[in-house]
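There are 2 protein chains.
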Amino acid sequence: MTNYPADFDPKLDLFFERIVDVPPNLVWKAWTEPKHLMPWFCPKPWTTVECTIDLRPGGLFYTVMRSPEGKDMPANVGCYLETIENKRLSWTNALLPGFRPAAKIEDGCLDLPFTGIIMLAPHERGTKYTAMAKHRDDFGRKTHEDMGFEHGWGKALEQLVEYVKAL
Amino acid sequence: MTNYPADFDPKLDLFFERIVDVPPNLVWKAWTEPKHLMPWFCPKPWTTVECTIDLRPGGLFYTVMRSPEGKDMPANVGCYLETIENKRLSWTNALLPGFRPAAKIEDGCLDLPFTGIIMLAPHERGTKYTAMAKHRDDFGRKTHEDMGFEHGWGKALEQLVEYVKAL
Chain Z
1 MTNYPADFDP KLDLFFERIV DVPPNLVWKA WTEPKHLMPW FCPKPWTTVE
51 CTIDLRPGGL FYTVMRSPEG KDMPANVGCY LETIENKRLS WTNALLPGFR
101 PAAKIEDGCL DLPFTGIIML APHERGTKYT AMAKHRDDFG RKTHEDMGFE
151 HGWGKALEQL VEYVKAL
Chain V
1 MTNYPADFDP KLDLFFERIV DVPPNLVWKA WTEPKHLMPW FCPKPWTTVE
51 CTIDLRPGGL FYTVMRSPEG KDMPANVGCY LETIENKRLS WTNALLPGFR
101 PAAKIEDGCL DLPFTGIIML APHERGTKYT AMAKHRDDFG RKTHEDMGFE
151 HGWGKALEQL VEYVKAL
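From first to last, the protein sequence lines are chains Z and V. Residue 16 in the numbering used here sits at position 16 of the first sequence; the count goes up by one each step and never skips. Residue 147 in the numbering used here sits at position 147 of the second sequence; the count goes up by one each step and never skips.
Hints are computed from structural coordinates only; laboratory data are not their basis. Be aware that a few hints might be false.
[To be verified] Pair by pair, the computed Cβ-Cβ distance ranges are:
#: 1; chain 1: Z; residue 1: Lys155; chain 2: V; residue 2: Met73; range: 44 to 50 Å
#: 2; chain 1: Z; residue 1: Lys165; chain 2: V; residue 2: Ala75; range: 48 to 54 Å
#: 3; chain 1: Z; residue 1: Phe139; chain 2: V; residue 2: Asp146; range: 30 to 36 Å
#: 4; chain 1: V; residue 1: Glu33; chain 2: Z; residue 2: Pro34; range: 37 to 43 Å
#: 5; chain 1: Z; residue 1: Tyr62; chain 2: V; residue 2: Ile19; range: 36 to 42 Å
#: 6; chain 1: Z; residue 1: Pro10; chain 2: V; residue 2: Met73; range: 30 to 36 Å
#: 7; chain 1: V; residue 1: Asp138; chain 2: Z; residue 2: Asn25; range: 39 to 45 Å
#: 8; chain 1: V; residue 1: Ala121; chain 2: Z; residue 2: Asn25; range: 31 to 37 Å
#: 9; chain 1: Z; residue 1: Gly152; chain 2: V; residue 2: Lys44; range: 52 to 58 Å
#: 10; chain 1: V; residue 1: Asp54; chain 2: Z; residue 2: Asp54; range: 23 to 29 Å
Even glycine gets a Cβ: it sits at the ideal position worked out from N, Cα and C.
Can you build the whole structure from these sequences, using the hints too?
Listed below in structure tokens is the structure:
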């Protein structure tokens, strides 16, 4: 297994770490079962209206987000890379299910290819939660940053915590 | 684990299967240790002059081929996806080590992105050897086919068998 976050590259990657007061197994459950992912995955008032999870390396990770105006975004289609229960979940949109390289969009490249990594570790207050997005170039990092990576993923995490506490 | 070759797509993928008269563990060794890979990996008179293998999901698979005239080709840089000893080896050049999406080449896309999969199964005569290359589109499949995928990988396999028999 690759050593994270030792291979974090500040020129190419985005990263944040938070302590959340729920245990790793509940965070894992919220990330890996569609019925437990859909309630929190999009920062409200956006919603997640479709989700398919085939939790194994090479398996499908599929979501569709809906805007507050009711417009569905193009589906997010990706492939799991690592599914280490309660510890690390990695996926990428650079590969489709079965590890097939993702199709070109328009003039020759995927729109915003990235690999997402969620790392969980037990902590005295619950879980140390680390989220990383890795990009092929600084344009990718900057684009994802401008889209509000940390704010958006952070807000979704707050929703996750609130959701699993109510389970 | 994805079900191979059930997800083989003849429009996008290339595939061949052969029975070889050496056991799976020797085929595995020849694919996963640089000193045992370099002697057979390129169809002669081409040679493999550099090889680095970090055998774990997310680990580097790096080779450099040299032409009969002594010219080194651009390095093949990829990332392992599955490393299931004596059974299945999957890697892709669509990701760099650490699962980072591969950089753009020239005007916006990777030259020939593919995922390679080698499957090994015990057979009464040695090993059932299955090789697959998965592409994002039919152009990728056709390009790889025209480069001589089956002939080249097949010839390399013959070299592999000859090499491991002499170990």
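C-beta pair V/Glu33, Z/Pro34: status relative to the range 37 to 43 Å that was hinted: holds (41 Å)
Cβ separation of V/Asp54 and Z/Asp54, checked against the hinted range 23 to 29 Å: holds (27 Å)
C-beta pair Z/Tyr62, V/Ile19: status relative to the range 36 to 42 Å that was hinted: Cβ of Z/Tyr62 to Cβ of V/Ile19: about 38 Å, so the range 36 to 42 Å holds.
V/Met73 and Z/Pro10 - C-beta distance against the hinted 30 to 36 Å: Given range 30 to 36 Å: holds, Cβ gap about 32 Å.
Range agreement (Cβ of V/Lys44 with Cβ of Z/Gly152, hint 52 to 58 Å): Given a distance of about 53 Å, which is inside 52 to 58 Å, the answer is holds.
Distance restraint evaluation - Z/Lys165, V/Ala75, Cβ atoms, bounds 48 to 54 Å: holds (50 Å)
Cβ distance range 44 to 50 Å for Z/Lys155 and V/Met73, holds or violated: holds (47 Å)
Cβ separation of V/Asp138 and Z/Asn25, checked against the hinted range 39 to 45 Å: holds (44 Å)
V/Ala121 paired with Z/Asn25, Cβ distance criterion 31 to 37 Å: holds (36 Å)
Consistency of beta-carbon spacing, V/Asp146 to Z/Phe139, with hint 30 to 36 Å: holds (32 Å)
Consistency note: the structure conflicts with none of the earlier hints.
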